[in-house]
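Q: Fit chains F and D to the known structure of chain C by using the hints.
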Amino acid sequence: MILIAIITLGGIGIISSGLLYLASRKFEVYENPLIAQVQEILPAANCGGCGYPGCAGFADACVNAPSLEDLLCPVGGAAVMSRVAGILGKDTAGADPKIAVVRCNGNCEARPHVNQYDGAGNCAIASSLYGGETGCSYGCLGYGDCAAACTFGAIIINSSTGLPEVIEDKCTSCGACVKACPKNIIELRKKGPKSRRIFVSCVNRDKGGVARKSCSNACIGCNKCEKECKFEAITITDNLAYISSQKCRLCRKCTAVCPTNAIHELNFAPRKETSLEDSPKTDEKTNQKNI
Amino acid sequence: MENKLIISPSPHIHGGDSISKNMYGVLIALVPVFLVSLYYFGLGALIVTAVSVLSCVLFEYLIQRFVLKKEPSVGDGSAILTGVLLAFNLPSNLPVWIIIIGSLAAIGIGKMSFGGLGNNIFNPALAGRVFLLISFPAQMTTWPLPGKLPMDYIDSVTGATTLSMINEGVARLPSFADMLLGNMGGSLGEVSAAALLLGFAYLLVRRIITWHIPVAIIVTVFALTGIMYLIDPLSYADPVVHLLSGGLLLGAIFMATDYVTSPMSRDGMIVYGVGIGLLTSVIRLFGSYPEGVSFAILIMNALTPIINTYFKPKHFGGR
Amino acid sequence: MLKTFRIGGIHPPGNKLSAGKKITSIPVPRQVIIPLGQHIGAPAQAVVKKGDQVKAGTLLGESGGFVSANIHSSVSGKVNKIDNAVDASGYKRPAIYIDAEGDEWEDTIDRSETLVRECSISSQEIIDKIAQAGIVGLGGATFPTQVKLTPPAGLRPEILIINGVECEPYLTSDHSLMIEKGEQVLTGVTILMKAISVDKAVIGIENNKPDAIIHLKDLAKRYTGIEITPLKVQYPQGGEKQLIDAVVRRQVKSGALPISVGAVVHNVGTAYAVYEAVQKNKPLIERVVTVTGKGVANPSNFMVRIGTPVRDLIEAAGGMSENTGKIIGGGPMMGKALTSADIPVTKGSSGILVFSKEESLRKPVHNCIRCAKCVQVCPMGLNPTLLMNATEFANWELAEKNYIVDCIECGSCSFTCPACRPLLDYIRSGKGKVMGIIRARKS
Chain C
739 MILIAIITLG GIGIISSGLL YLASRKFEVY ENPLIAQVQE ILPAANCGGC
789 GYPGCAGFAD ACVNAPSLED LLCPVGGAAV MSRVAGILGK DTAGADPKIA
839 VVRCNGNCEA RPHVNQYDGA GNCAIASSLY GGETGCSYGC LGYGDCAAAC
889 TFGAIIINSS TGLPEVIEDK CTSCGACVKA CPKNIIELRK KGPKSRRIFV
939 SCVNRDKGGV ARKSCSNACI GCNKCEKECK FEAITITDNL AYISSQKCRL
989 CRKCTAVCPT NAIHELNFAP RKETSLEDSP KTDEKTNQKN I
Chain F
2 MENKLIISPS PHIHGGDSIS KNMYGVLIAL VPVFLVSLYY FGLGALIVTA
52 VSVLSCVLFE YLIQRFVLKK EPSVGDGSAI LTGVLLAFNL PSNLPVWIII
102 IGSLAAIGIG KMSFGGLGNN IFNPALAGRV FLLISFPAQM TTWPLPGKLP
152 MDYIDSVTGA TTLSMINEGV ARLPSFADML LGNMGGSLGE VSAAALLLGF
202 AYLLVRRIIT WHIPVAIIVT VFALTGIMYL IDPLSYADPV VHLLSGGLLL
252 GAIFMATDYV TSPMSRDGMI VYGVGIGLLT SVIRLFGSYP EGVSFAILIM
302 NALTPIINTY FKPKHFGGR
Chain D
148 MLKTFRIGGI HPPGNKLSAG KKITSIPVPR QVIIPLGQHI GAPAQAVVKK
198 GDQVKAGTLL GESGGFVSAN IHSSVSGKVN KIDNAVDASG YKRPAIYIDA
248 EGDEWEDTID RSETLVRECS ISSQEIIDKI AQAGIVGLGG ATFPTQVKLT
298 PPAGLRPEIL IINGVECEPY LTSDHSLMIE KGEQVLTGVT ILMKAISVDK
348 AVIGIENNKP DAIIHLKDLA KRYTGIEITP LKVQYPQGGE KQLIDAVVRR
398 QVKSGALPIS VGAVVHNVGT AYAVYEAVQK NKPLIERVVT VTGKGVANPS
448 NFMVRIGTPV RDLIEAAGGM SENTGKIIGG GPMMGKALTS ADIPVTKGSS
498 GILVFSKEES LRKPVHNCIR CAKCVQVCPM GLNPTLLMNA TEFANWELAE
548 KNYIVDCIEC GSCSFTCPAC RPLLDYIRSG KGKVMGIIRA RKS
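Residue numbers (this note's numbering), protein chains in the order written: chain C, 739 to 1029; chain F, 2 to 320; chain D, 148 to 590.
Read the hints as simulated data drawn from the structure, not as lab findings. Among the clues, some could well be false.
To be verified - No more than 30 angstroms apart at the CA atoms, straight line, and that leaves these computed lysine-lysine pairs for DSS-like: (1) C:Lys962 - C:Lys985; (2) F:Lys313 - C:Lys908; (3) D:Lys150 - F:Lys313; (4) D:Lys400 - F:Lys313.
Just chain C, with the same shape it has in the complex (with noise of 0.2 angstroms):
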């Protein structure tokens, strides 16, 4: 009795092994021990800002490129990419950190409302339908996509304005919001020496006197900032400046002269109200430092 129980066990377990270590060889798949290497450093967070179907995407294409120069992790940053240029002997491109931006300053009061929406509150669905509730048919919609797209909770719309706010510290840049806007507002850029940075805050492309009536604090395309700067970092097209982050100097003289403050900047010390001729120079200099 026992030995039968005994036989027939250990059968069943001697033939179960046979067979299992027959079919590990038989659909054993090779991948490179790199691959999980690299992996491991990633955070992990899958969220396909890199332009890879999440990290273990990416870790492949780390591991089988030439170089790491195209390839930046945006959550990880820099101190990720080197590590992972440390594991695989390859090279790392020093990117520059960059951060999303906002490029409309359409809030309630400087963007009167003309219609009212009552659709599903979705901006991929109001904009297929219409401009938008204002007058201007480029601005913020304000629905959200693109807070429901970041998965940091780094993009939040703000109740006072109407319009969405990038919390600086949870922004990986890793794009998701730029992808969700069907308005193109957001913008990666660089994120600047302290995380100083400016920017024009508006994508109307309406005629000046078109874009100021739908909005007071919209780019009018005036030419004053293009003539102001000495770098030749804003150019106009289509009535509205663009502000190169390559370029710009962030000398802040730009932002002095944009007749409805659609120019933004971001983390500067108070200007100084009384002496506007001087303070933009002392600016410079500090920032030349910083550069």
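A: Okay, now just chains F and D, sitting in the frame of chain C:
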């Protein structure tokens, strides 16, 4: 600008149907059933139904308000319906405290733990009933005998149901007329086939449900029990007895057709109905439980997602 | 048993307030705004410039591609400017502004009321004339008519189906055309039959227009090959695929054109426009527009010049009340809410519907209770609630596998949903997204 024009995507009109209209529609369809149970089970029927409805509504309100922290939606009638259906699946002499536990199981476990109306996998009322059946088998399987507006509640005279008579091999069953009217032992809402069919007609006329699920269940049970009856009429009961007794009609018309837990396409509904009929017949004919409708529906509830995956609506122009 | 389509369908209240009202003309507006893109496809290229003198019927814009249409002036006067104007799409798009002076027409246009039945030109000449006149599908889809009349190589049309269904609630423009211009419509149908070389045409009319059915049946005796088919009232019977199914019992497969089952479908309004273009040399510069809704005092059917601001039409129908909540271009099921009353009437405007504030707002949205009513009413046999969820969670693969691109955007699902879920809002958005993905994969 004169005033702000409203902008929304088409369509700009709505048919006026609403969740509460459907829920109250089902409740109206249950009125005849309730009247019959009042007649036969008297005070007990009234107490069980009232306690069940009140505790279901209360639990739904409390859970939505304090646990899920969202706007309570007890006004939509779905908690009332769960309460009524739960009561209709209970014997009329069940103590109040057991009913309250059943309501908590139905609303708390069956419905709210999944996220509330629309997200539950199992029919909440049946989840509550089966919970009680397993926890309190003695109380749940002693049914009071029907009377004429009896005024006793806990201490009513009890007896067997038709199905348990069959299961135990009792030869003398109630007449067809008694089964049709409901003059037999059983849960509150399952006794009168006539009242249930009246409710079915109302649901069909108001287009609250389609015929597919109930008909599929009834036909399947009739066919299977019929085959067994033809093979061996001495051991198996007449298929008509199977249709008219137990919770089959109540289950087929009111429980299996629950929107949330039944399939969406016509083909899927038929498959689901046939499945319930099959399981019910198997449990009744060969299982140790005399009644199998609740289990059959719950099992098919669990299979609904997979039925939805494989039985898609008929596509225009074919695949 | 009356014929109808076989899958899904709903029965919204008809509300044909303007039924039986005679078609009346409204005065020529002081300024018209004529968008260059009034049709599906590439916008027309402007051929006039600021300051040019034009007459009614003068070519303003030339067809900008294979799928495109000519645009003509609807008034005589001076081109004020070519600028962007908000149109029914809700966005600013190029349009030609013309200040009206007098009402002078191009000499080639025959403005008399006399009926010309004989048409002796060849089928190619007919198609050319239709293209010249800038005719597009007037049922609302605005697909250029000449393209529909040129079937792809290898496919031969067998039957012409004329859409006289007008299944949208409120609208009566096609109904009034069939009653008042029956002879012209039938002549137009004959011309279309000649253009695609078929000897059979069926005009499908819903049974809620018995006067039109009787009238056209009577007239059709004098025309060969035209049959009038009464149809059971059911929305969306005016959908091309649904109409073909109802009339000839053939279902067009997913992704295929109606010609694949041998059918070509045109609207009654298009047939009338074809008559005017071919027999009277008149380009498409005016059309019948129903102005209706509980928000206007006198619901009416107007003959309107293209480019007339909607405000003028509402004034002519008794003015806009203080309580106006919504102005819809088209019918209540598929029309677009307009952002202002200054938007011009275009070729595709079959109606202007004015809703009070109370009628305009949607009801609060609840959880889906999986009642499957949307599945039961979907005329394409889709699962709307599944498609909405797929869109909401950006699961494009699931959406594509469940035929989201077959959605005809009829709105039956949203109309029916007891939980008032914005099903079509999401499905429409998801459909656009999936179509983009499919296009990207092909290229």
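Q: Work down the list of hints and note, for each, if the structure agrees.
A: Hint-by-hint comparison with the structure:
1. Between C:Lys962 and C:Lys985, the direct Cα distance comes to roughly 18 angstroms. Compliance with the 30 angstroms bound is thereby established for this hinted pair.
2. With a C-alpha separation of about 43 angstroms, the suggested pair F:Lys313 and C:Lys908 falls outside the 30 angstroms cut-off, and the hint is violated.
3. A threshold of 30 angstroms between alpha carbons decides the hint, and for D:Lys150 with F:Lys313 the separation of about 26 angstroms falls inside it, so the pair holds.
4. With a C-alpha separation of about 17 angstroms, the suggested pairing of D:Lys400 with F:Lys313 holds against the 30 angstroms cut-off.
Comparing the model with each numbered hint stated earlier shows that hint 2 is the single one that does not hold.
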